[in-house]
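Q: Each chain is listed here by its residues.
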Amino acid sequence: MKLLVCIKQVPDMESKFKVGAEGLWYDRHDLAWLMNEYDEYGVEQAVQLKEQTGADLTVLSIGPEQVKETIKKALAMGCDRGVHIVDDQAHLKDPFEIASMIAEFAGDKGFDLIFTGMQSQDRGSAQVGVMVAELLTIAAVTTVVDFAFVDGQVTVKRELEGGVKAKVASKLPVLITCQLGLNAPRYPTLPNIMKAKKKEMLSLPATDLRKAAALQETMKIEFPAKRSGGLFLEGEVASIADRLIRILKEKTTVLA
Amino acid sequence: MKMLLVAEYRQGELLESYTELLAFAGIMGAESAMFLTAGTAGELPKFSGRLYLAEVAEFGEYNPDVHKQLLLEVVEKEHPEMIVFSHSSYGWDLAPRLAVSLKAGQISEVVALQDGALVAPVCNGKLRRTMKSRGRITVVTLQAGAFGLADAAVGVPTVIPVTGNAKGNIDLQGYEMAEHGGVDLSKAEIIVSAGRGVGKPENIALVAGLAKALGGEYGASRPVVDSLWVEHNRQVGTTGLTVSPKLYVACGISGAVQHLAGMKKSEFVVAINTDKDAPIGDMADVFAVADLKQLLPLLIEKLQAL
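Same order as they appear, the protein sequences are chains A and B. The first sequence: position 50 = 50 (my numbering), numbered continuously. One rule links them: number in my numbering = place in the second sequence (from 1) + 1000.
Hints in this document: simulated from the structure, not taken from any laboratory. Beta carbons: idealized from backbone N, C-alpha and C, even for Gly. Among the hints, erroneous ones may be present.
Residues of chain A placed beyond 10 Å of chain B at every Cβ, according to the derived structure [stated by the list, open to error]:
#1 H29
#2 V86
#3 A213
Here are the simulated lysine-lysine pairs, DSS-like style, with alpha carbons at most 30 Å apart [claimed, not checked]:
#4 A/K2 to B/K1167
#5 A/K249 to A/K2
#6 A/K171 to B/K1276
#7 A/K226 to B/K1103
#8 B/K1187 to B/K1302
#9 A/K226 to B/K1046
#10 A/K195 to A/K2
#11 B/K1246 to A/K249
#12 B/K1293 to A/K93
#13 B/K1132 to A/K16
#14 A/K18 to B/K1132
#15 B/K1212 to A/K16
#16 A/K249 to B/K1276
#17 A/K251 to B/K1167
#18 B/K1212 to A/K249
#19 B/K1265 to A/K251
#20 B/K1103 to A/K109
#21 A/K167 to B/K1302
If you only want the chain B side, here are some residues facing chain A, beta carbon under 8 Å, derived [claimed, not checked]:
#22 L1072
#23 V1075
#24 H1079
#25 R1222
#26 V1289
#27 L1299
Extracted from the complex, chain A is given alone in its bound form (with noise of 0.2 Å):
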């Protein structure tokens, strides 16, 4: 059985972001970077799925060099190989290019399983995993909660809103986009990112994949209206605390 996580390199969300320059995206200058929270969750269960069945597992990111960090912490997370899609300019591509991309390296590999996020911290479109599956004709089962792998079928929980579920079952191939909370990621240990550095990585610029056109543009990104009449209660802390407190007696009647 033949696997596949595609992970995504995405700066802190609590990072203070900029608008770049070319005001399409923000700054990506002095940011600290680290895997899409919803990829963690990919590729644990990948890597369950992988320690399961002994499936061959292959982790993907697309981006500039730095992004190599990231695909190394999926190998000392127990992926078997690493594929690097070099691409200086993937921050400005639309979700369908970058499914494009990943379809056509994905497309002649025969893949059972293919674990995506559900989306990307970022840029949140939740479209590009459902896009490779469309891609490679396969099916797709979004914001899973709960996977299980049993006598060759996948089931598996999705998360609706309002706290329901919903119980899918699909036969491979299939792809799975991951919801938070799916499993508990592993940390990779110390001798586990000693391992992962002899792991294969293989570059693939993408300049060597067939280009999609861009289904969207960008305009502008920036920073939203602040909503205004919010008070910033600031100083010291014991002052903040009285203050609250007499804001809550005169504007709330919960103190009553």
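For chain A, the structure is supplied; the task is to place chain B on it using the hints.
A: Coordinates of chain B only, in the frame set by chain A:
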């Protein structure tokens, strides 16, 4: 402009979110038709226009490959310039399939319009992006609650039955409901919620302590529940509970859109956060810029002394 709106039906019921699609179509001045898979004998969306109705007994509530094929046939008939879904577990699952089939650009989680272009959040709402599609057709998903009708929806649709022999590749086996476990935050008048900023599980006690001092219940945002620090029945947000207390105190919650969607009906919102730029500020009536580990013990002490 011609629009095709895709309404949702789950667990035997039409979801109210179709009115948000109508509100968006209204703002865009579009002529709209609607697609729905539902029990054809049940409640129908209230609007005046063509309703393409597929029988749920035949096509299933969640069977995206089949729904896509049915939708493609409707698109052939209607030639919409825009196809609009809710950004929901149904919409974000189905929309990209249709976008690929139609080679249409998809713009996800739209929250506003600006000069005819679509605005969507980036980085958990810290930034927003204005976009447009390049193709003849644009697929759009709308953030829950971003658009709403001022008045109740009215009208009776002209029903056009949709049939087909589409085959799906997945099997919906049933639903599982959340357990309430004795607490029902949706009825609480005062809620103090913990976010990722609480730092470690021990600090949940501070949040619960403040809730107790105020005579309310404590809740949590998703990351805290995923970390198993707080039970799921206390989770506020899209995938948890929608609450509408008199007072909502958000402790260390940055304010991801999914969380804001669950608490924005609160009457009075207090945010406690060290990051002044946290998006929760958009909802907050009062924003205490402080470390909750220092502020909460003081607040509890002072409230108990009242």
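Q: Each hint should be assessed against the structure and marked as holding or not.
A: Hint-by-hint comparison with the structure:
1. Every Cβ of chain B is farther than 10 Å from the Cβ of A/H29; the closest lies at roughly 15 Å, confirming the non-interface assignment.
2. Every CB of chain B is more than 10 Å from the CB of A/V86 (nearest about 24 Å), matching its label as outside the interface.
3. In this structure A/A213 is not separated from chain B by more than 10 Å, as the shortest Cβ-Cβ distance comes to only about 8 Å.
4. Between A/K2 and B/K1167 the CA atoms are separated by roughly 26 Å; this keeps the pair inside 30 Å, and the hint holds.
5. Restraint check for A/K249 and A/K2: the C-alpha separation of about 62 Å exceeds 30 Å, so the hint is violated.
6. Distance restraint check for A/K171 and B/K1276: the Cα-Cα separation of roughly 48 Å exceeds the 30 Å cut-off, and the hinted pair is therefore not satisfied.
7. Taken as a hint, the A/K226 and B/K1103 pair is broken in the structure, with Cα atoms around 36 Å apart against an allowance of 30 Å.
8. Taking the CA atoms of B/K1187 and B/K1302, the gap is about 26 Å. The hint holds against a cut of 30 Å.
9. For a cut-off of 30 Å, the pair hint linking A/K226 to B/K1046 is broken: about 35 Å separates their Cα positions.
10. Taking the CA atoms of A/K195 and A/K2, the gap is near 21 Å; set against the 30 Å cutoff, the hint holds.
11. With a CA separation close to 13 Å, the supplied pair B/K1246 and A/K249 stays within the 30 Å bound.
12. Taken as a hint, the B/K1293 and A/K93 pair is broken in the structure, with Cα atoms around 42 Å apart against an allowance of 30 Å.
13. For the hint linking B/K1132 to A/K16, the alpha-carbon distance of about 27 Å falls within 30 Å, and the restraint holds.
14. Of the supplied pair hints, the one linking A/K18 and B/K1132 holds, its CA atoms being roughly 22 Å apart against a limit of 30 Å.
15. At roughly 34 Å between alpha-carbon atoms, B/K1212 and A/K16 are farther apart than 30 Å, so this suggested pair is violated.
16. For the given pair, A/K249 sits about 24 Å from B/K1276 by alpha-carbon distance, which is consistent with the 30 Å threshold.
17. This hinted pair does not check out: A/K251 and B/K1167 have alpha carbons roughly 58 Å apart, beyond 30 Å.
18. Restraint check for B/K1212 and A/K249: the C-alpha separation of about 17 Å stays at or below 30 Å, so the hint holds.
19. Note on B/K1265 and A/K251: the hinted pairing holds, with a Cα-Cα distance of about 16 Å set against a maximum of 30 Å.
20. Among the hinted pairs, B/K1103 with A/K109 is consistent with the structure: their alpha-carbon atoms are about 24 Å apart, no more than 30 Å.
21. Under the criterion of a C-alpha separation no larger than 30 Å, the hint pairing A/K167 with B/K1302 is inconsistent with the structure, at around 48 Å.
22. Interface restraint check for B/L1072: the shortest CB-CB distance to chain A comes to about 12 Å, outside 8 Å, so the restraint is violated.
23. At about 15 Å, the closest approach between the beta carbon of B/V1075 and any beta carbon in chain A exceeds 8 Å, and the interface hint on this residue is violated.
24. Checking B/H1079 against chain A by beta carbon gives a least distance of about 18 Å; that is not within 8 Å, so the hint is violated.
25. A distance limit of 8 Å between C-beta atoms decides the matter here; for B/R1222 the minimum to chain A is near 6 Å, and the interface restraint holds.
26. With a cut of 8 Å, the hint placing B/V1289 at the interface with chain A holds, because the nearest CB-to-CB distance is about 5 Å.
27. Interface restraint check: B/L1299 against chain A, minimum CB-CB distance 5 Å, threshold 8 Å, status holds.
Comparing the model with each numbered hint stated earlier shows that hints 3, 5, 6, 7, 9, 12, 15, 17, 21, 22, 23, 24 do not hold.
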